[in-house]
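K.L.:
Sequence:
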Amino acid sequence: IILGFYIQIIFAAFSTAGQFFAFQMGLSASEVYDSLSQVENPLMGQFFNFLAMIVFLQNHWFQTLFCDGLTASFRSMNAFAIINNSDFFAKFMMTSLSMLFKDAMIIALPIMGSLFLINVTMGIFTKAAPQMNLLSEGFPILMLVSYFLIAVLVPHFCEFFQESIYGGFREIQSIMTKISGGGIK
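Just so you know, we're using our numbering here: the sequence shown kicks off at 7 and counts up by one.
Please note: incorrect hints may appear among the correct ones.
[To be verified] Derived lysine-lysine pairs resembling DSS-like cross-links, with alpha carbons at most 30 angstroms apart:
#	residue 1	residue 2
1	Lys97	Lys108
2	Lys184	Lys133
3	Lys184	Lys97
[As the list claims (entries may be wrong)] Distance ranges between label pairs, derived from CB positions:
#	residue 1	residue 2	range
4	Ala87	Gly129	48 to 58 angstroms
5	Met128	Glu46	26 to 36 angstroms
6	Lys133	Phe56	17 to 27 angstroms
By construction, these hints were calculated from the structure, which means they are not laboratory data.
C-beta atoms are modelled at their ideal positions from N, C-alpha and C, and glycine is treated no differently.
Produce the entire structure from the sequences given, and follow the hints as far as they go.
P.N.:
Shown next, in the form of structure tokens:
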């Protein structure tokens, strides 16, 4: 359960990043039901979730997690160890949830910042030339720039996801060693 929860937190960071800038893109109305997390998720959240899933499967992390992580967890953790270290476990989970929002902001910030600058520029142009209808041209410009930025930044998102998974594996290993009493047997 701990392994699954922590991996779900890493995937949720990508989905949350898509939710952060989907509203600015103009795609907030196009939400679909995400059967994996059982919530309504904008299209960009779904796209980033699928992108993370592809990177996860391509690097054979499922096999690493399932074969190595699951067997190590059976050797190192038991219910009594988790109950005895419940303070450490609660602190670990709260830190993990705060890392979710930090990672989501790191992923979404380049796109959100660019869209914010475009909105400010369109506001200045609307004040300078009120006879032009920039609102009708603004949405296609926002979407075009957003898709261009996403296409340019996809390799960096994949690298960031790989770093997140490696960091997640290190954190899972550290919680296993702390809860088990110092080392994996």
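K.L.:
Each hint should be assessed against the structure and marked as holding or not.
P.N.:
To see whether the hints hold, each was checked on the structure:
This hinted pair checks out: lysine 97 and lysine 108 have alpha carbons roughly 17 angstroms apart, not beyond 30 angstroms. A distance of roughly 60 angstroms separates the Cα atoms of lysine 184 and lysine 133; the hinted pair therefore is violated under the 30 angstroms criterion. For the hint linking lysine 184 to lysine 97, the alpha-carbon distance of about 12 angstroms falls within 30 angstroms, and the restraint holds. Hint check: alanine 87 to glycine 129, Cβ distance near 57 angstroms, so the stated range 48 to 58 angstroms holds.
As the Cβ distance of methionine 128 to glutamate 46 is approximately 28 angstroms, the hint placing it in 26 to 36 angstroms holds. Restraint check, lysine 133 to phenylalanine 56: a C-beta distance of roughly 40 angstroms breaks the suggested window 17 to 27 angstroms.
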